[in-house]
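Generate the whole structure from the sequences, applying the supplied hints.
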Amino acid sequence: MFAEVTVDKPIEKVIEDWDFLADTLVGKFTMFRTVGQNIYGIRRRCISEEGGVIDPRKGKLSGALEIGPQGVIHVRHDPMCMHITTAGTPHRVAHSFGYWHINDMDEIYLPLPNPEGEPLGHYLVIMQTPTGQEGDSYAWYCEQCTTMLFERRHRTGEFGMQGLFKCSELAVREYNADPKLRTCPECGHLNPMGYCWNSAKDTPDERAARAIW
Amino acid sequence: MENEPVLNYDFPLREIATDGVWHQANRYSLWVGKQAASDPPYEVVEAHPQGLVRLPLKERLMRLIPAKTPFRIKHLFAPFRVTDADMIYIRAAMPDGVFHTLLAASSNEVREDAVVWICPHCGREMERVGFDTRRHGLIAFWPFMLDQLRAFNASPARQKCAACGKAHPACYGFDSKLDEPNEAAARLEW
Chain H
117 MFAEVTVDKP
127 IEKVIEDWDF
137 LADTLVGKFT
147 MFRTVGQNIY
157 GIRRRCISEE
167 GGVIDPRKGK
177 LSGALEIGPQ
187 GVIHVRHDPM
197 CMHITTAGTP
207 HRVAHSFGYW
217 HINDMDEIYL
227 PLPNPEGEPL
237 GHYLVIMQTP
247 TGQEGDSYAW
257 YCEQCTTMLF
267 ERRHRTGEFG
277 MQGLFKCSEL
287 AVREYNADPK
297 LRTCPECGHL
307 NPMGYCWNSA
317 KDTPDERAAR
327 AIW
Chain S
216 MENEPVLNYD
226 FPLREIATDG
236 VWHQANRYSL
246 WVGKQAASDP
256 PYEVVEAHPQ
266 GLVRLPLKER
276 LMRLIPAKTP
286 FRIKHLFAPF
296 RVTDADMIYI
306 RAAMPDGVFH
316 TLLAASSNEV
326 REDAVVWICP
336 HCGREMERVG
346 FDTRRHGLIA
356 FWPFMLDQLR
366 AFNASPARQK
376 CAACGKAHPA
386 CYGFDSKLDE
396 PNEAAARLEW
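As given, the protein sequences belong to chains H and S, one line each in that order. In short: position in the first sequence from 1, add 116, done, that's this note's numbering. In short: position in the second sequence from 1, add 215, done, that's this note's numbering.
It should be emphasised that the hints constitute simulated quantities derived from the structure, not laboratory data. Treat the numbers as computed from the prediction; the structure is a model and nothing was measured. In this text, a Cβ means the ideal position worked out from N, Cα and C, and glycines have one as well. Just to be clear, a hint being listed does not mean it is correct.
[What the hints assert, rightly or not] With a straight-line cut-off of 16 angstroms between C-alpha atoms, the simulated EDC-like cross-links for lysine to aspartate or glutamate are:
no., chain 1, residue 1, chain 2, residue 2
1, S, K273, H, E234
2, H, K144, H, D133
3, S, K273, H, E232
[Claimed, not checked] Partial chain S-side listing against chain H, Cβ under 10 angstroms, derived:
no., residue
4, D225
5, V247
6, P255
7, Y257
8, R269
9, L276
10, L279
11, P281
12, A319
13, C337
14, K392
[Claimed, not checked] Chain H stretches covered by chain S per the calculated footprint, using a threshold of three residues with CB under 8 angstroms from any CB of chain S:
no., stretch
15, 129-142
16, 186-196
17, 242-256
18, 260-266
19, 285-299
20, 308-319
Put into structure tokens, the structure is as follows:
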């Protein structure tokens, strides 16, 4: 077989950080990390085609939701299936983050099952790096009639990922602080409180809300 | 309701690996391939200032091939493609085969691609032909590449490296179903 001449050195000596899933690197993607034209998040979760996706801290993730013209719809983030939430679609995962995230960029989810003999697989989240006016919103909609109740926006294209999680935290606290914000102006329903993605920062009220929705 | 917005796309890897075509999902272009253990393994080869680098065949890997890095995938396509888009390559070995995923997104930064011939003997760039990606899109590059490589394969003069004098082997396009006999032979070879 014909073989082209390649560099006679270990790849690590030529290309830095060449494999994002390497044990030495994967931890840097626990939250989100911008590299070039995309933002990457890599979550180590117990993933199998029979058992689905299980977060070690939050349990089984099965409540992925999106909002469109038909209202709230359930979507699946199945192992070995790439799901793409298109830009502008409000989406959330029940019991994982208690707000609707509206991203100006497409989001890709790909749960890859545990490699043979390993306890955890790779849950990949990839999205384009926003620029200019592009950003992220945190929003709440009435759970009864889907009227938008409250929204806060982070100018990610301008400020980058810096402050993104803080922005969500501030939005959650602001929304939770005033029952009027959670009360639907259309149907009068009092909606449950919001909560952040990082469960370690939950207040007792937020922990209770996480259990509800 | 007519003209409803597309909220999402689902691409089960096993399903789309069977059709072998590129898919467009809003700004992202994606392709998934599946190989059996007995197939000649796809290997990513990148061109760097130090020379050509072959990615190790790890069971699970995710590689960001940075924009403007010429790359090819052995047994999948040759010669090299260089693009303004970051290309994401994911390799996942599963019990029923090895899955290869390629992903790239269009944006204002993505303007041009090129077909690049790099001498496999000495590593020098031999030729480069540009493609207007901004106008035609990332997926339309592949038929363009096929036309270009066929013209190259038909020209012994172009195949001779000006630096080392050796002949560049025949090239092959992304879609093996379109292979001419010489392309099919080259696909097995390198």
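(message) When I compare C-beta atoms, does the stretch 186-196 of chain H have three or more residues closer than 8 angstroms to chain S?
(response) Result for this restraint: holds, n = 5.
(request) For the pair we were handed, S/K273 and H/E234, check the Cα-Cα distance against 16 angstroms. (result) The given pair, whose Cα atoms are some 15 angstroms apart, holds under the 16 angstroms limit.
(message) Interface hint check: S/P281, Cβ to nearest Cβ on chain H, cutoff 10 angstroms. Holds or violated?
(response) 6 angstroms, holds
(message) Given a cut of 10 angstroms on the nearest C-beta pair, is the interface hint for S/K392 held or broken against chain H?
(response) Constraint on S/K392 not satisfied, violated at 22 angstroms.
(message) Restraint: S/L276 near chain H, CB-CB cut 10 angstroms. Satisfied or not?
(response) 5 angstroms, holds
(request) With a cut-off of 16 angstroms on the C-alpha distance, tell me whether S/K273 and H/E232 pass. (result) Roughly 13 angstroms separates the two Cα atoms, so the pair holds.
(message) Interface hint check: S/L279, Cβ to nearest Cβ on chain H, cutoff 10 angstroms. Holds or violated?
(response) 6 angstroms, holds
(request) Would you check chain S against the stretch 285-299 of chain H, counting CB to CB pairs closer than 8 angstroms, and say if three or more residues qualify? (result) Coverage by chain S is violated for the stretch 285-299 of chain H (0 residues, Cβ < 8 angstroms).
(request) Closer than 10 angstroms between Cβ atoms is the bar; does S/A319 clear it against chain H? Give me holds or violated. (result) 9 angstroms, holds
(message) Taking 8 angstroms as the Cβ threshold, is the statement that the stretch 308-319 of chain H is covered by chain S upheld or broken by the three-residue rule?
(response) violated (count 0)
(message) Quick check on the hint: S/V247 CB to chain H CB, less than 10 angstroms?
(response) Hint on S/V247: holds, closest Cβ of chain H at ~8 angstroms, below 10 angstroms.
(request) Using 10 angstroms as the Cβ threshold, decide whether S/D225 counts as touching chain H. (result) 6 angstroms, holds
In this structure, the hints that do not hold are numbers 7, 14, 18, 19 and 20, in rising order.
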